[in-house]
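Engineer: Okay, here's what each chain looks like letter by letter:
Number of protein chains: 2
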Amino acid sequence: MRPHVLIIGCGFGGLEAARALRTADVDITLVDKTNHHLFQPLLYQVATAGLSAPSIAAPIRHLFRGQRNVTTLMGEIVAIDANARTATLKDGATLRWDHLIVAAGATHSYFGRDDWAEHAPGLKTLSDAFEIRRRVLLAFEAAEREDDPVQRAALLQFVVVGGGPTGVELAGTFAEIARHTLPGEFRRIDPRQARVLLVEGSPRVLQAMPERLSERAREQLGALGVDVRLNARVTGIDAEGLDITTAAGPERLHSRCVVWAAGVAASPLGRALADATGCTLDRAGRVVVEPDLSVKGQANIQVIGDLAAAQSHAPGQPPKPVPGVSPGAKQMGRHAAANIQRRLRGEATQAFRYRDYGNLATIGRHSAVVDLGTPAGPLRFSGLPAWLFWLFAHVYFLIGFRNRFVVLVDWAWAYWTHDRNARVVAGAGLSEASPARDAQA
Amino acid sequence: MRPHVLIIGCGFGGLEAARALRTADVDITLVDKTNHHLFQPLLYQVATAGLSAPSIAAPIRHLFRGQRNVTTLMGEIVAIDANARTATLKDGATLRWDHLIVAAGATHSYFGRDDWAEHAPGLKTLSDAFEIRRRVLLAFEAAEREDDPVQRAALLQFVVVGGGPTGVELAGTFAEIARHTLPGEFRRIDPRQARVLLVEGSPRVLQAMPERLSERAREQLGALGVDVRLNARVTGIDAEGLDITTAAGPERLHSRCVVWAAGVAASPLGRALADATGCTLDRAGRVVVEPDLSVKGQANIQVIGDLAAAQSHAPGQPPKPVPGVSPGAKQMGRHAAANIQRRLRGEATQAFRYRDYGNLATIGRHSAVVDLGTPAGPLRFSGLPAWLFWLFAHVYFLIGFRNRFVVLVDWAWAYWTHDRNARVVAGAGLSEASPARDAQA
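In order, the protein sequence lines correspond to chains A and B.
Start counting the first sequence at 90; every next residue gets the next number (this note's numbering).
Start counting the second sequence at 90; every next residue gets the next number (this note's numbering).
Heads up, a few of these hints could be off.
Heads up, the list lumps identical chains together, so a pair's fine if it works in one copy or across two of them.
Stated by the list, open to error - Here are the simulated SDA-like cross-link-like pairs (lysine to any residue), alpha carbons at most 25 Å apart as the crow flies: (1) 122 <-> 196; (2) 385 <-> 472; (3) 385 <-> 292; (4) 213 <-> 241; (5) 409 <-> 181; (6) 122 <-> 207; (7) 122 <-> 220; (8) 409 <-> 237.
If you're looking for bench data, these hints aren't it; they were derived computationally from the structure.
Hey, can you work out the whole structure from these sequences and the hints?
Structural biologist: See below:
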């Protein structure tokens with residue numbers, strides 16, 4: 090019988106690992122909670138009604154249709170037994186494995202304030218994206234029906250918490266929707282009166298970027314109409330808005346649409362793995378892995394992607410933490426697959442080395458920042474050239490030819506018309522509890 | 090102050106009525122429960138993962154962006170006061186009107202067996218379509234994890250109740266998915282073993298069609314692999330399947346995915362209108378209207394579309410019921426708008442006359458039936474030519490240029506590859522309670 094490789098999670102890490110084992114003499118089972126691989130870097134476009142869900146999501150089993158050594162199963166792994174070499178699904182079914190790759194990713198963290206979740210959804214899954222889309226679009230609908238100017242202003246104030254790449258993208262796109270997409274479609278409100286705030290706890294946005302590019306991003310956000318609040322700590326979130334504290338003191342922000350892009354926590358499977366193997370978790374719940382990505386004392390278990398607290402080991406340099414970005418997850422996926430093949434050949438595994446090709450973030454139409462490492466030194470640029478670079482890089486990396494083409498069509502259309510193609514909310518979701526009075530007034 | 094026209098519902102009828110009042114000297118308020126106009130004839134494509142929701146749905150306020158006399162409001166009208174000339178929204182807000190067009194459409198009817206609804210969703214809204222998509226795709230996922238052959242067969246048996254156009258489209262497309270889209274993607278089941286049943290109470294499918302075309306449709310369904318059960322009465326539906334009675338006696342059909350395409354009931358707003366005006370409702374809850382589409386004794390209230398039990402009045406011919414199809418709703422919408430303009434000019438209203446340009450229904454790839462009225466007599470054809478005719482007619486009538494183009498791209502792709510582009514289910518929805526055992530076996 091061929092060795093059996095179990096891969097948990099089909100994000101960028103799990104997908105690459107399974108692909109890299111294409112020609113290996115192993116049987117692979119790939120388990121994911123959903124039926125699709127998600128192109129996460131464009132998820133904010135689904136949340137902001139620019140793209141439809143199928144444009145950025147591909148059925149996992151379709152991606153592996155031609156790779157005969159892969160069996161795809163939809164389900165959630167809840168426990169791992171390192172001695173028996175099994176994994177247990179939520180319904181109690183078990184899967185045996187000889188080699189295990191855990192790529193279960195991350196989820197939101199509200200820093201212990203889980204009661205904030207219902208008032209400030211995060212953005213990790215398609216369901217999250219639909220919920221944010223619903224809240225943003227229906228806030229404008231409710232404002233059109235609202236006569237009280239104070240309530241109306243609260244409905245037209247949008248707050249994004251967290252100034253990382255996702256927060257910056259969301260805030261920039263919300264501002265674009267208010268300024269360019271919706272004007273002319275309402276009769277009682279002016280969507281341009283909407284305010285978008287970006288609340289960030291540290292002194293700058295996009296902390297992974299060089300300071301100069303953070304400053305450029307802040308300027309571009311300002312030009313799009315986003316009010317950026319730096320050094321601002323969130324102290325409370327409820328159905329009516331949020332409380333922040335800045336150097337100027339406490340402040341109340343009234344809003345019916347708050348989005349959480351601040352905290353990331355490792356998948357609960359990290360805890361399950363620690364229970365099973367005694368491995369160490371870091372503060373964010375990530376599994377601290379060995380240089381070769383394996384779990385301490387468990388040569389047959391590797392952890393990759395956002396669930397791994399991994400180090401990059403370049404010859405002659407001190408180890409450096411691997412950043413939580415998709416190229417990191419993909420490289421770890423390929424590395425884990427290669428390590429399994431080395432072990433099957435009786436060779437020693439190798440330490441993981443992260444190759445950093447740079448960093449890029451988009452802010453809105455014509456706005457982005459790019460930081461590339463080149464042999465001649467760092468190449469940094471922003472504005473329109475950075476935006477074009479970002480656009481083509483993302484379309485290029487999108488899964489599947491057809492998606493790429495449809496996404497390009499959608500974007501070309503959106504570019505010329507300022508329109509957004511997915512402004513559709515399923516169901517009658519408008520809260521009828523809002524104090525709209527005689528809507529005919 | 091200009092006369093105020095209130096239009097309730099933005100399906101085909103309400104949309105056409107508002108458009109036809111483009112140049113009229115009136116203020117129009119258009120109220121809909123959702124934020125989008127839905128191109129209902131292609132909703133089955135969303136349910137069967139062929140199209141994404143935004144491809145067939147357009148934001149209502151975007152459609153009326155340029156028509157300045159229209160105010161769009163999202164909300165649900167729950168009561169009408171004919172004397173005070175107001176309509177009440179769910180949250181208690183009221184809208185005044187001088188002329189009222191009620192175009193609230195229809196919903197599913199389970200013939201008094203509302204407990205069947207949870208086991209057999211119908212197809213009227215985008216939410217319905219997502220629910221059917223989820224059930225169909227996840228049935229195959231659960232079957233791949235199922236070891237028990239009896240349970241597996243139940244998971245791979247799909248039942249559509251009702252042989253009208255929607256039922257025929259759904260059954261034909263389910264069969265295509267099983268035979269052409271999914272094979273090769275599973276390792277433990279063969280999707281071609283899936284069975285699709287179409288259960289119809291009468292002796293033929295597509296009853297609105299001439300008998301010969303009904304027979305053609307049945308043949309084409311058979312060729313696609315659909316098992317058509319005619320003269321079959323449904324006596325019970327539960328979580329495990331349904332009970333039917335045919336000439337051969339009672340029969341139990343095991344299925345985890347039953348779709349309801351059998352009964353249509355008028356919107357509950359018909360009842361509200363009857364309470365307000367004393368008008369008559371027919372057995373399906375539709376409002377019996379006067380020849381000019383107005384409500385008896387209420388010249389300022391017109392009812393159109395699926396909510397109206399209307400007659401066509403052709404000169405020299407006895408009145409004929411207007412069929413519940415989209416051309417009927419559109420024509421009624423334009424007629425109601427014209428009647429309002431006649432009244433504003435002090436003229437008499439006119440009786441409605443339905444112009445029947447024919448009838449068409451699709452069954453699946455290369456399969457459709459068409460029945461056209463031409464000056465030279467009826468023109469009837471089926472198979473590939475009918476399918477091409479259906480395809481271009483539907484793409485032509487789709488709302489908005491961009492949608493048409495993207496839908497054509499999606500279809501061209503689906504045509505060549507047998508792939509379906511929207512096979513995405515948001516969230517982890519697979520029932521973990523199914524008795525899958527050691528899924529590794």
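Engineer: A separate judgement is required for each hint: does it hold in the structure or not?
Structural biologist: Structure-based check of all given hints:
{"no.": "1", "hint": "122 <-> 196", "in the structure": "within (13 Å within a copy, 33 Å between copies)"}
{"no.": "2", "hint": "385 <-> 472", "in the structure": "neither (45 Å within a copy, 64 Å between copies)"}
{"no.": "3", "hint": "385 <-> 292", "in the structure": "neither (37 Å within a copy, 69 Å between copies)"}
{"no.": "4", "hint": "213 <-> 241", "in the structure": "neither (29 Å within a copy, 32 Å between copies)"}
{"no.": "5", "hint": "409 <-> 181", "in the structure": "neither (39 Å within a copy, 61 Å between copies)"}
{"no.": "6", "hint": "122 <-> 207", "in the structure": "both (22 Å within a copy, 24 Å between copies)"}
{"no.": "7", "hint": "122 <-> 220", "in the structure": "both (19 Å within a copy, 18 Å between copies)"}
{"no.": "8", "hint": "409 <-> 237", "in the structure": "neither (54 Å within a copy, 50 Å between copies)"}
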